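There are 2 protein chains.
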Amino acid sequence: MKKALSFDIGGTKIYSTIIDETGNVISEVDKFSTPKTIDGIKQILKEQIAKHESEIDAIAIATAGAVNNANTAVIGSTGNLVQGYSSIDFQSLSSKKVFLENDANAAAWAEYKIGASRGSDISIMLTLGTGVGGGIIINDKLLKGKSGAAGEMHFKMYSDKRRKCSCGSWDCFEIYASGTALKIDAEEELNDKNVTTYDVIKGVENRNEIMTKILNRWQDDIIIGIKGLANIFDPDCVVLSGSMAKFVNIKKVEDEVNSDIVTTPTSIRLATAGNYAGMIGAALLALS
Amino acid sequence: MKKALSFDIGGTKIYSTIIDETGNVISEVDKFSTPKTIDGIKQILKEQIAKHESEIDAIAIATAGAVNNANTAVIGSTGNLVQGYSSIDFQSLSSKKVFLENDANAAAWAEYKIGASRGSDISIMLTLGTGVGGGIIINDKLLKGKSGAAGEMHFKMYSDKRRKCSCGSWDCFEIYASGTALKIDAEEELNDKNVTTYDVIKGVENRNEIMTKILNRWQDDIIIGIKGLANIFDPDCVVLSGSMAKFVNIKKVEDEVNSDIVTTPTSIRLATAGNYAGMIGAALLALS
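Each protein sequence line maps, in turn, to chains U and A. Positions 1 to 288 (the numbering used here) are the ones given, in order, by the first sequence. Positions 1 to 288 (the numbering used here) are the ones given, in order, by the second sequence.
What the hints contain is simulated information worked out from the structure, not anything from laboratory work. Some hints could be false.
No copy labels: a pair is met if it fits in one copy or bridges any two.
Here are the computed lysine-lysine pairs in the DSS-like style, where the Cα-Cα straight-line distance is at most 25 Å [unchecked claim]:
#: 1; residue 1: LYS193; residue 2: LYS42
#: 2; residue 1: LYS46; residue 2: LYS202
#: 3; residue 1: LYS193; residue 2: LYS51
#: 4; residue 1: LYS252; residue 2: LYS161
#: 5; residue 1: LYS164; residue 2: LYS113
#: 6; residue 1: LYS161; residue 2: LYS183
#: 7; residue 1: LYS213; residue 2: LYS161
#: 8; residue 1: LYS3; residue 2: LYS213
#: 9; residue 1: LYS164; residue 2: LYS31
Predicted, not measured: the structure shown is a model, and the values here were computed from it.
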C-alpha cells in the first residue's frame with residue numbers, strides 16, 4: 001500500500017507522520033514547536049524527509065497560508081508564520097515532489113474522503129479555531145480559484161466597520177465566528193478585557209445565564225454566515241471542525257439555517273476525521 | 001449550423017427568438033406580456049414551439065426561478081411569476097427535450113462563451129436589476145449546487161435586521177445592491193417615499209450632491225458584497241450585468257475591491273453579451 005510522509009505546518013506547531021492511501025495514520029506523530037526562522041522550519045522538514053524518504057511514495061504538507069494551483073508553493077503572507085515563509089523552496093527539500101495544500105483545504109478533503117462529508121457532491125468545511133478556515137469541495141475537486149486562495153471566509157457580517165479582522169479589513173465572518181470572536185463577544189458583553197473563551201465555556205457548563213447569552217450570540221453569527229454560504233453554494237452539507245466546533249449546537253444551527261435560506265435544506269455536521277485531518281487530506285491528495 | 005428556439009420567461013415579459021450555435025440571434029425577437037395564468041404561459045410557449053419546431057434542433061428556456069440539475073423543470077417558487085409556475089410540465093410542450101436554465105445562470109454562460117468573462121476559468125456574474133441574480137462558472141461548468149439553486153446572492157450585509165429582503169429574510173446583498181435597494185437608499189436619505197431610482201440617476205447626471213452621495217452608498221454596498229465573493233471564490237473576474245450595471249463605476253469598484261481582499265486581484269467588468277444574454281446562454285447550453 002502506498003504511503004506519504006505528511007506534515008502539518010501551523011503557527012504554533014509542526015506535526016509529521018506517515019499516512020497510507022486509505023487515510024490511516026501508520027506511524028507515531030512527531031510534534032515540534034514551529035521555529036521562528038525559515039531555516040529552522042526547513043531544518044525540521046529536511047530531517048524528517050531524510051529519516052523517512054526511503055519508505056514513502058509521496059511527501060505532503062498541509063500548511064497555513066494559500067497554496068498555488070500546482071500545489072508546489074505557498075503564495076502570499078500567512079499571518080502567524082515567520083515572515084518570508086512563502087519564499088521557502090519546498091521542492092528543494094527532496095528529489096520527490098513535495099505536495100502542498102492549504103491546511104483547511106486539506107482537512108476538508110479528509111472529511112470528504114473519510115469523514116463527515118463523504119459522498120457529498122458539494123460540501124463546505126469551516127474550521128473554527130483561533131481564526132476561521134474554509135475548504136469547499138465541488139464535484140470531487142477542491143475549489144481553489146484562479147491563484148489557489150479560494151475558500152477564505154472573509155465575507156462581511158456588517159457593512160459599517162465594527163470589528164477589525166486579522167486580515168486588516170473590517171467585520172469579516174472570521175472575526176465573528178472564531179474563538180477570538182467568542183472572546184471579543186465576551187469582552188463586549190462583560191466590559192472586561194481579561195475574560196477568556198474558557199471562562200465562557202465553563203460558564204455555559206455551569207448554566208451561567210450571561211455566558212450562555214454570549215455563546216448564543218457567537219453561534220447566531222455562525223448561523224448567519226452559513227445561511228449566506230448555503231444560498232451561494234446550495235451545498236449537501238456544511239462541516240464544522242476545529243477546536244471551537246464542539247461548542248456549537250449542531251442541531252440548532254441546522255434548524256435555524258434551513259428556516260431562513262432560499263435554497264433547499266442543507267445538513268450541518270461535526271467533523272469526524274480527527275485532529276490529523278489536515279495531514280490525512282494532504283497525504284490523500286499527494287497519493288492520488 | 002445548429003439552432004435553438006430560445007425563450008426568456010420573466011415576471012413582466014416573455015421573449016422568444018432563434019439562436020444559432022455560435023450565439024447569434026438569427027430571427028426577430030418576439031415579445032409578450034407574461035400572462036397571469038399558467039395556461040396563458042403554456043399557450044405562448046406552445047404556439048411558438050409549433051411555429052418553429054421544424055426548423056430548430058433544440059428548445060431552450062432561460063427562466064426566473066431555480067432550475068433542477070437535469071435542466072428539465074423549475075424548482076421552488078419564483079416570487080414574481082404566477083403561483084404554481086414551477087408545476088408546469090415543460091417537457092410536455094414538445095417531443096424534443098425542453099432545456100431550462102435559470103436566467104441569471106444562462107446569462108452568465110453567455111458572458112462566459114461570447115461575452116465579458118470569455119476564457120475565465122472562474123467567473124461570477126451579478127445581474128443588478130429589480131433584484132440581484134447570480135451565476136457562477138467554475139472550470140467550464142455552472143455552479144448549480146445539490147438541487148440547482150446555487151448562485152443565490154442572499155448573503156447578509158448586516159447581522160442586526162435592518163432591511164427586509166424580498167426572499168423573506170433580512171439584509172441580503174440583493175436588498176442593498178439592486179435597483180430596489182437604490183430606491184430604498186434614496187428614500188432613507190431624503191425621507192421621501194416617492195423618490196425613484198430615475199430621480200437619483202438624473203440627479204447624479206446633473207451633479208446633484210445628495211443624489212451622488214446616495215448612488216455612492218449603493219455602490220459601496222456592491223463593493224462590500226463583491227469583496228466577500230472575491231475572498232470566497234478567488235475569481236478571474238466579476239461581471240456586472242442588468243439594467244442597473246451601467247450606473248456602476250467599474251474602475252472604482254475594481255480598485256476598492258482589490259485594495260481590501262486577501263486573495264489576488266480580480267477584474268471587474270461590464271457585461272457585453274447584451275439584453276438577450278439569457279436566451280443566448282440557454283440556447284448555447286441546450287445545443288452543447
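Regarding LYS193 and LYS51, is the shortest C-alpha distance of 25 Å or less found within a copy, between copies, in both, or in neither? neither (46 Å within a copy, 74 Å between copies)
Review point. How would you classify LYS3 and LYS213 at a CA-CA limit of 25 Å: within, between, both, or neither?
Key: For LYS3 and LYS213, neither the intra-copy (47 Å) nor the inter-copy (61 Å) Cα distance is at most 25 Å.
First find the shortest C-alpha distance between LYS213 and LYS161 inside one copy, then the shortest across copies, and answer within, between, both or neither for a cut-off of 25 Å. Both: 23 Å inside a chain and 18 Å across chains, each within 25 Å.
message: If the cut is 25 Å between Cα atoms, do LYS46 and LYS202 qualify within a copy, between copies, both or neither?
response: neither (42 Å within a copy, 66 Å between copies)
LYS164 and LYS113: within-copy, between-copy, both or neither at 25 Å Cα: Neither. Shortest intra-copy (36 Å) and inter-copy (40 Å) distances fail the 25 Å Cα cut-off.
- Message: Please sort LYS164 with LYS31 into within, between, both or neither, judging by C-alpha distance up to 25 Å.
- Response: neither (33 Å within a copy, 51 Å between copies)
### Query
For LYS193 vs LYS42, is the C-alpha pair at or below 25 Å within one copy, between two copies, both, or neither?
Neither way: LYS193 and LYS42 sit 38 Å apart in one copy and 65 Å across, limit 25 Å.
* To do: Can you give me the call for LYS161 and LYS183, within, between, both or neither, at a CA distance of at most 25 Å?
  => both (18 Å within a copy, 23 Å between copies)
Practice prompt. Since the copies are identical, ignore which copy is meant and state whether LYS252 and LYS161 lie within 25 Å (CA to CA) inside a copy, between copies, both or neither.
Written response: For LYS252 and LYS161, only the inter-copy Cα distance (20 Å) is at most 25 Å; the intra-copy one is 29 Å.
In the structure shown, a violation is registered for the earlier hints numbered 1, 2, 3, 5, 8 and 9, in ascending order.
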